[in-house]
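Chemist: Residue strings, one per chain:
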Amino acid sequence: MSVKITIDPIACDAYGFCAELLPEAISLDEWGYPVVDGHPLPLELVEAARRAARDCPRRAITVTTRRTESR
Amino acid sequence: MTTSVSPAPGRCVTHFLLGQPSDLAGHIAAHGPLAVRGRRDHGSVDALLFGLERSGLRGLGGGGFPASVKLAVARSAGAGGTVVVNAMEGEPESDKDKVLLTHVPHLVLDGAQYLAAATRARRIVVCVPLGLDHIADAAGRAMADRRGAGHGRVGETVMRPPHRYVVGEESALANFLDAGVARPQFRPDKGTPLTIGRRAALVHNTETLAHIGLIARYGPDPFLSRGITEEPGTCLVTIGGDVAHPGVVEIDRGTPLHGVAKLAGPASGAQAYLVGGYGGSWVGPSHFATPYSSMSLRTVGASAGVGIVVVLGRSSCGIAESARIARYLASQSAGQCGPCVFGLPAIADDMAQLAEGRADDQLLTRLGHRLDVVDGRGACRHPDGAVRLVRSALSVFADDVEAHRRGRPCEHHGAPTVLRLPIPGGPP
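So the protein lines, in turn, are chains A and B.
Under our numbering, the residue at position 60 of the first sequence is numbered 60, and the numbers go up by one with no gaps.
Under our numbering, the residue at position 123 of the second sequence is numbered 123, and the numbers go up by one with no gaps.
Bear in mind the hints are in silico, worked out from the structure with no lab data behind them.
Where a beta carbon is used, it is the ideal one built from N, C-alpha and C, also for glycine.
Some hints could be false.
Selected chain A positions facing chain B (Cβ under 8 Å, derived; list incomplete) [as the list claims (entries may be wrong)]:
#1 T6
#2 D29
#3 W31
#4 Y33
#5 V35
#6 D37
Negatives, chain B to chain A, calculated, CB over 12 Å [as the list claims (entries may be wrong)]:
#7 R54
#8 D242
#9 Y328
#10 Q336
#11 L364
Taking the hints into account, I'd like the entire structure generated from these sequences.
Modeler: Written out as structure tokens, the structure reads:
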């Protein structure tokens, strides 16, 4: 299973809560907008990512889970 | 303003856009009536899908998305939709939409009609920016002639969105036609069909449609006979800057860049080409022989974009020109995404300081970091284009960058621009 965070840059208004709640994967640029590192999220951070998505005042964060295909 | 280089005599049959008849009578005499039969004509739909796939035709509005895939996606979204002719040409250096709609409007509209039949669309909308009345009039006259002659099954209308750089981005255009908001939409998955009024919207650049019009009639072979094997076909390029005869030309794909530039007359010696437009890349003399094809341009960090080559002569400053472009692109943000709204002006400020020889010690580090941070973080590709342009300037004009950084800008940094940047506050 791989988990990915996507931020809707139109919805985002730089509240910055996400970087507080998930500093391991989200940092803020010099203007206060979130930068996601783009790597798949470690599983132990999934709950924190969901919380960041829930608590975003602009509902700009999507956490997508994709089952990794076994070959 | 515009010169079009006509194809060599006797080669018209092998898929050329320019040089085809402008009027409907001439158009029908040359190509015959539309070969669209009924709404359930699966044979001609299959033939069109096959022709597009076989030709390898890709969108010529800058995105480069395969036309066959785009058609398949639109077909999957069901009937009753809209085919949008995108003549928004927000890029100031480009003239091809204007040339196509004034010189060969019926090729463009035919392409739209074939797609409308293949997707069982309800209407065709031609989008021409506000302010370009003569282009809208030309399109309107062509449509009236077609209506009068019963040429074309699906109704064609003209719409006039605002004349801004990003409105030509296809999701912004669909957004305007759907909701009156001429701003790009956030589409993480580009495979999702665009919609207008909850029905499929198939948006295509004028040039792509003109090719589709010919491929639908003649199949892919004439298109495949042009260009190079890896990338067949012809394409339109607007040549500008320091050349004797700026204008739109039609070239075989794979023509070397300097061969393309030469079509606009002798240049006084070029120090770089701006390829792809303001969101494109500078290419230096060591790569002037690069073939004009996506694959080859990519190897030198460039892309064809909407089809533009601007020649920068010896008496211009690449840093100063790039700073002007960066400022212009910052002013053209749709104002939706933070990294674009704040990042592009910050990048433009850095470039302006560099151009004027007022760089502080941190400037290049800061600018490099800002370019990395802004890249890929908008809903549309507008900020990415600005980043690409500035990065290419820092690399192609590296010697000048060093001189400017040391506070000794090159002697031409105050020279007037060779670009067609709109004057702030002036007419569009």
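Chemist: Beyond 12 Å from every chain A Cβ: check whether that's true for L364 (chain B).
Modeler: Fine: 16 Å to the nearest Cβ keeps L364 (chain B) off the interface.
Chemist: Would the least Cβ to Cβ distance between Y328 (chain B) and chain A come out above 12 Å?
Modeler: Y328 (chain B) clear of chain A: closest Cβ-Cβ about 21 Å, beyond 12 Å.
Chemist: Using 8 Å as the Cβ threshold, decide whether Y33 (chain A) counts as touching chain B.
Modeler: holds, 4 Å
Chemist: Any CB of chain B closer than 8 Å to the CB of D29 (chain A)?
Modeler: Status holds, d = 5 Å.
Chemist: Hey, is Q336 (chain B) genuinely clear of chain A, shortest beta carbon separation above 12 Å?
Modeler: Nearest chain A Cβ is 5 Å from Q336 (chain B), so the label is violated.
Chemist: Any CB of chain B closer than 8 Å to the CB of D37 (chain A)?
Modeler: Status violated, d = 12 Å.
Chemist: Using the nearest Cβ pair, does W31 (chain A) come within less than 8 Å of chain B?
Modeler: At about 4 Å, which falls below the 8 Å cut-off, the nearest Cβ of chain B leaves the hint on W31 (chain A) intact, so it holds.
Chemist: Any CB of chain B closer than 8 Å to the CB of T6 (chain A)?
Modeler: Check passed: Cβ of T6 (chain A) comes within 6 Å of chain B, closer than 8 Å.
Chemist: Grab the minimum beta-carbon distance between D242 (chain B) and chain A and tell me whether it stays above 12 Å.
Modeler: Correct as stated: the minimum Cβ-Cβ distance to chain A is 37 Å, above 12 Å.
Chemist: Is the Cβ of R54 (chain B) more than 12 Å away from each Cβ in chain A?
Modeler: R54 (chain B) clear of chain A: closest Cβ-Cβ about 31 Å, beyond 12 Å.
Chemist: Is the shortest C-beta separation between V35 (chain A) and chain B less than 8 Å?
Modeler: holds, 6 Å
The structure is inconsistent with the numbered hints 6, 10, although it conforms to all the rest.
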